[in-house]
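Read top to bottom, the protein sequences are chains A and B.
Counted the way the numbering used here counts, the first sequence spans residues 1 to 68.
Counted the way the numbering used here counts, the second sequence spans residues 1 to 130.
Please keep in mind that the hints were generated in silico from the structure rather than gathered at the bench.
One or more of the hints may lead you astray.
Computed spacing ranges between beta-carbons, pair by pair [to be verified]:
id : chain 1 : residue 1 : chain 2 : residue 2 : range
1  : B       : F114      : A       : Q32       : 27 to 35 Å
2  : A       : E61       : B       : M126      : 26 to 34 Å
3  : A       : I35       : B       : L89       : 15 to 23 Å
4  : A       : R9        : B       : S69       : 25 to 33 Å
5  : A       : E61       : B       : G22       : 52 to 60 Å
6  : B       : W23       : A       : Q32       : 32 to 40 Å
7  : A       : E61       : B       : A67       : 32 to 40 Å
8  : A       : S45       : B       : K49       : 42 to 50 Å
9  : A       : T19       : B       : L117      : 54 to 62 Å
10 : A       : F50       : B       : S27       : 51 to 59 Å
11 : A       : S45       : B       : A93       : 51 to 59 Å
12 : A       : M18       : B       : V21       : 26 to 34 Å
13 : A       : D14       : B       : R50       : 18 to 26 Å
14 : B       : Q68       : A       : E21       : 23 to 31 Å
Example chain A residues on the side facing chain B (calculated, C-beta under 7 Å, incomplete) [what the hints assert, rightly or not]:
id : residue
15 : Q20
16 : C29
17 : T30
18 : G40
19 : A49
20 : Q51
21 : Q65
22 : Y66
Here a beta-carbon is modelled for each residue, glycine too, at the ideal position from N, C-alpha and C.
The primary structure of each chain is shown beneath.
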Amino acid sequence: MPKIITNIRRLRFDHNEMTQEDLANKAGCTRQTIIALEQGKYVPSIWLAFQIARAFNVSLEDVFQYEE
Amino acid sequence: MTYKKYRLIWVSATIIMALLVGWSVASGYYWIQVPVLIVYIVTVFPLRKRVKEVWYDERNSIIDLRAQSIASLIFVFLSIGSGATLLYLSLNAYPDLLPIGLTLTGSGCVLALFFNLAKLYISRKMGGKE
Numbered sequence: 001m002p003k004i005i006t007n008i009r010r011l012r013f014d015h016n017e018m019t020q021e022d023l024a025n026k027a028g029c030t031r032q033t034i035i036a037l038e039q040g041k042y043v044p045s046i047w048l049a050f051q052i053a054r055a056f057n058v059s060l061e062d063v064f065q066y067e068e
Numbered sequence: 001m002t003y004k005k006y007r008l009i010w011v012s013a014t015i016i017m018a019l020l021v022g023w024s025v026a027s028g029y030y031w032i033q034v035p036v037l038i039v040y041i042v043t044v045f046p047l048r049k050r051v052k053e054v055w056y057d058e059r060n061s062i063i064d065l066r067a068q069s070i071a072s073l074i075f076v077f078l079s080i081g082s083g084a085t086l087l088y089l090s091l092n093a094y095p096d097l098l099p100i101g102l103t104l105t106g107s108g109c110v111l112a113l114f115f116n117l118a119k120l121y122i123s124r125k126m127g128g129k130e
């Protein structure tokens, strides 16, 4: 089954240990959604994926990878 | 204002409002309900805009949609199932159960019908052709 891999935890660490709350506020979602994303339990919409990438100032594929 | 603080105020205000409305019904002062409702709306609703943090997003929306869908499905099955049982009993031994049976099966069928009509409407609005 295809899987979406996220680098959110590493990117938060690289961005001065950004908290989940800060990222949620920047991306326009709740902290629970960030937790679910980091645990791989939720696949975000295109809109949210772009918002998260924008919050880290990186491209979409730096945050999410599609694995067959 | 944090979301937790907002929820605390909202729950407290709702309990106070419910107590006042209950007291007004019990004591016969029905007119109190109108000012209570106005004060509640004027104080609680503007507070929502003062919550700075994000507290509702697409994941919550999907959770709500799935929960509503499952709740509707359970209601449809339970009401039609129990309604049909009551209708069967009303035909054989308990004629008093006929209106309850008809109400239950009818409400279940109407909910299923509205659910499918709403689904069709939203699907067409979002570009689908089903």
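> If you take the shortest Cβ to Cβ gap from Q65(A) to chain B, is it below 7 Å?
Replying inline: Violated. Min distance 20 Å.
> Close enough to count: is the Cβ of G40(A) nearer than 7 Å to one in chain B?
Replying inline: Violated - the Cβ of G40(A) stays beyond 7 Å from chain B, reaching only about 14 Å at its closest.
> Measuring from the C-beta of Q51(A) to each C-beta in chain B, is the shortest one below 7 Å?
Replying inline: Cβ of Q51(A) sits 10 Å from chain B, so the hint is violated.
> When you take the CB atoms of W23(B) and Q32(A), is the distance between them in 32 to 40 Å?
Replying inline: 38 Å, holds
>> 26 to 34 Å was suggested as the range; check whether the CB atoms of E61(A) and M126(B) agree with it.
In response: 28 Å, holds
> How does the Cβ-Cβ distance of F50(A) and S27(B) compare with 51 to 59 Å: does it lie in that range?
Replying inline: 57 Å, holds
> Does the Cβ-Cβ separation between E61(A) and G22(B) fall within 52 to 60 Å?
Replying inline: 58 Å, holds
>> Quick check: does the Cβ-Cβ distance between I35(A) and L89(B) fall within 15 to 23 Å?
In response: Since the Cβ atoms of I35(A) and L89(B) sit about 50 Å apart, the hinted range of 15 to 23 Å is violated.
>> I want to verify a distance hint. Is the separation of the beta carbons of E61(A) and A67(B) within 32 to 40 Å?
In response: 33 Å, holds
> Lying within 54 to 62 Å: is that true of the beta-carbon distance T19(A) to L117(B)?
Replying inline: Because 45 Å falls outside the window, the suggested range is violated.
>> Holds or violated: the hint that T30(A) contacts chain B, with Cβ atoms closer than 7 Å.
In response: Holds, about 5 Å.
> If you take the shortest Cβ to Cβ gap from C29(A) to chain B, is it below 7 Å?
Replying inline: Check passed: Cβ of C29(A) comes within 4 Å of chain B, closer than 7 Å.
Checked against the numbered hints given earlier, this structure breaks hints 3, 8, 9, 12, 13, 15, 18, 19, 20, 21, 22; the rest are met.
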